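Undergrad: In the order they appear, the protein sequences are chains U and L.
With the numbering used here applied, the first sequence closes on residue 325, and no number is skipped along the way.
With the numbering used here applied, the second sequence closes on residue 1163, and no number is skipped along the way.
Bear in mind the hints are in silico, worked out from the structure with no lab data behind them.
There may be inaccurate statements among the hints.
A few chain L residues that don't get close to chain U, going by computed Cβ distances all over 10 Å [said to hold, decoys possible]:
| no. | residue |
| --- | --- |
| 1 | Q1108 |
| 2 | P1116 |
| 3 | A1119 |
| 4 | Q1121 |
| 5 | G1124 |
| 6 | P1129 |
| 7 | V1142 |
| 8 | T1152 |
| 9 | L1153 |
| 10 | W1156 |
Have a look at the derived ranges for each label pair, beta carbon to beta carbon [unchecked claim]:
| no. | chain 1 | residue 1 | chain 2 | residue 2 | range |
| --- | --- | --- | --- | --- | --- |
| 11 | U | S201 | L | A1099 | 20 to 26 Å |
| 12 | L | V1058 | U | L140 | 44 to 50 Å |
| 13 | U | L160 | L | Q1160 | 32 to 38 Å |
| 14 | L | K1144 | U | W162 | 42 to 48 Å |
| 15 | L | V1058 | U | K125 | 30 to 36 Å |
| 16 | L | G1161 | U | W49 | 38 to 44 Å |
| 17 | L | I1150 | U | E151 | 34 to 40 Å |
No experiment lies behind these values; they were computed from the predicted model shown.
By construction, the Cβ of each residue, glycine as well, lies at the ideal position given by its N, Cα and C atoms.
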Amino acid sequence: MTMQEERTDRSFNATDVRVRIPRRAAAWGARTRWARHTIQAVVVAVVGWQAVGHVTSGGESAEAWCPLGGIEGAWTVLTTGRTVPHVHTSSLVLAATVLVLALVGRGFFCGWLCPLGTLQEMVHKAGRAVTDRVSPLRRLRRRLERGAGIERWRRIDRVLRWGRWMVLAWAIIGAAVTGTMVFRVADPWIALLMVAQFELSLAFVVLVATLILALFIQRPFCRYACPLGAVQSLAGKLSPIAVQRDASACLGCDLCNQACPMAIPVNTRTRVTDTSCNGCLECVAACPSQNGLAVTLAMPTFRTPRTTSPTEPDLHAATASEITK
Amino acid sequence: MRSPLRASLRSATKASRTELTIPRGRRAVPTQTRLRTRRIPVAMYVAALLLLPTLMVVGFMSAGLWANSETTATTQSGTRAGTPSGESGAGAAAPGAPADVKGSMTVQQVIDAFPPITAAQLLGKLGAPLNTPTSTQLKTLVEKGNSIDIPTLRTWLQEQGAK
Chain U
1 MTMQEERTDR SFNATDVRVR IPRRAAAWGA RTRWARHTIQ AVVVAVVGWQ
51 AVGHVTSGGE SAEAWCPLGG IEGAWTVLTT GRTVPHVHTS SLVLAATVLV
101 LALVGRGFFC GWLCPLGTLQ EMVHKAGRAV TDRVSPLRRL RRRLERGAGI
151 ERWRRIDRVL RWGRWMVLAW AIIGAAVTGT MVFRVADPWI ALLMVAQFEL
201 SLAFVVLVAT LILALFIQRP FCRYACPLGA VQSLAGKLSP IAVQRDASAC
251 LGCDLCNQAC PMAIPVNTRT RVTDTSCNGC LECVAACPSQ NGLAVTLAMP
301 TFRTPRTTSP TEPDLHAATA SEITK
Chain L
1001 MRSPLRASLR SATKASRTEL TIPRGRRAVP TQTRLRTRRI PVAMYVAALL
1051 LLPTLMVVGF MSAGLWANSE TTATTQSGTR AGTPSGESGA GAAAPGAPAD
1101 VKGSMTVQQV IDAFPPITAA QLLGKLGAPL NTPTSTQLKT LVEKGNSIDI
1151 PTLRTWLQEQ GAK
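Given only the sequences and the hints, what does the whole structure look like? Please build it.
TA: Written out as C-alpha cells, the structure reads:
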C-alpha cells in the first residue's frame, strides 16, 4: 500500500462525499516565486559585486561575507580570543545573524538568501529546460525520475544526507584542533567568491561537481554536504515558524512534493519540521488549495491532539457541507 | 496511467475558478497537531525575516563589531594616530602577536605593532622594493614576491621579537 493510499484509506466513512474546497488564485504562487527569485537575484548581485570588486580593485575580502567562517572560527575566538586566519569579525557577526535567523525562521537563509543555493537552482532549471527540448536527454531524465521513486535510491539518499553532519563535524572540530579553516580547501562557497580569480583548487572542483550534479538533482550540495545548512537545521528545530498542511483541505495531488527542492514528502506531514526544509515556500506556492498549505506560527501553548475513531461523528462531513453551501 | 486526482484538478480548473473538488473515496485525515498555531501572511513572513538579519547586521555595525580587511586597516591606522575610529570596524584589534598577522594587514600596521622591525627590514624580507608604500597589504606583496608566505613571515616576526 502506498503512502498516499494509506493516508486516504483512514477516512473511514467518507467514500460517498465530494468535498469542495476553496481554490487559491493562480497568480498567488507565481507572485511568491517571483518575490523569492527577486530577493535571490539581489543577494547574488551584491555578493558577485563584492567578489569581483575584491579581485579587480583590491576591495574588502569576499570571505568577510562568509557566515560559515564565523561558525568554524567561533571556538578559537571564544577560547583564545584570536580569530582563525581568513575569519573576519564580520564573519562572526554573519554567523550569529544566520543562527538567530534559523532560530526564528528555520531554513529561510538557505531558501531565500544563500547564493550557492540560488546558483544550484538556476543550473537545475537550465538543465530541465535543455532536457525538455532534447528527446534522448528527456528520456534519460524521466528514467532517472522514475528511479528516484525506487526504495533503493531512497535509501541511498537517506544515507547521503548524513554527509552534511559529517562535513560539519570535520569543519568545526578541524578548525578547533588545528586553528585553521580545514573545510576552506573544499568549500565551494569560497570557490564561488573567488571565481573571478580563476584558481584551480579542490574547492573549485567541488563547485563544478556540485553544479554538474545540480543538472540532475535539486540542490545537491544543500542536501548532502552543506555544513551551514546542518547548523541551521539544529537551530531551526527550535523555530516556531513552519509550513503547516491542513489535511482537510489537501487534495493529495502531490504538487507540493514535486515542487520541494529537498524532496520532502510534504503531503505526509502535518507540520513540515524536517531538518532539510529550507523554507523556500515552493510547496506553498504550488498548492492549488487555498487552505492546503500555509506558513504558521506556533503559539507557546499546547493543546491535546484531536483523535478520530469510527464511533465519532465525521466532523469533516460538516465542514464539507458548509463549504458546498 | 492518468491519475484521477490530476484529472479532477484539471476538470476543476476548467469548471470553476474558485473551488476544487476532492474525488469520491479520496478524503484526507483531519489535521492533528499538539501545537496551537496561527497562519502568517507570506508577505509578513518574508518581510520580518529579511528585516531581522538587516537589523542585526546594522546593530553590530553601529556597535563597532563589524570588521573586514578594509575596515581593519583604516581603523587601526586611525586609532594609532589618536583619532577616534570610524563607525565601521571600530572593534578591530591590532596584531598583538605575530600569530595574529594576516595578509590583509598593511606593512605600516605590522611595523607599528612590532617596533624593533623597520619598514626596510620587512619589505626586504618580503622581497619588495624599498620604495613600496607602507599602506600596501601584505598579501599583495606575498603574491608578487615568490620567496615568503604569511606563516613564514609570522615565524620571522616571532624570531625578531625574541631577539
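Undergrad: Now, for every hint given, state plainly whether the structure supports it.
TA: Hints, one by one, checked against the model:
1. Q1108: holds, 16 Å
2. P1116: holds, 22 Å
3. A1119: The assertion about L/A1119 holds, with a minimum of 20 Å to chain U.
4. Q1121: holds, 23 Å
5. G1124: For L/G1124, whose nearest Cβ neighbour in chain U is about 23 Å away, the distance exceeds 10 Å, so it holds.
6. P1129: L/P1129 is indeed farther than 10 Å from all Cβ atoms of chain U, at 18 Å.
7. V1142: About 13 Å separates L/V1142 from the closest Cβ of chain U, which puts it past 10 Å; holds.
8. T1152: holds, 13 Å
9. L1153: It holds; L/L1153 is separated from chain U by about 12 Å at its closest Cβ, greater than 10 Å.
10. W1156: holds, 16 Å
11. U/S201 <-> L/A1099: 20 to 26 Å: holds, 25 Å
12. L/V1058 <-> U/L140: 44 to 50 Å: holds, 49 Å
13. U/L160 <-> L/Q1160: 32 to 38 Å: Once the Cβ atoms are compared, 50 Å apart, the range 32 to 38 Å for L/Q1160 and U/L160 is violated.
14. L/K1144 <-> U/W162: 42 to 48 Å: holds, 44 Å
15. L/V1058 <-> U/K125: 30 to 36 Å: Roughly 33 Å apart at Cβ, these two residues keep to the hinted range, so it holds.
16. L/G1161 <-> U/W49: 38 to 44 Å: With a Cβ separation near 40 Å, L/G1161 and U/W49 satisfy 38 to 44 Å, so the hint holds.
17. L/I1150 <-> U/E151: 34 to 40 Å: violated, 52 Å
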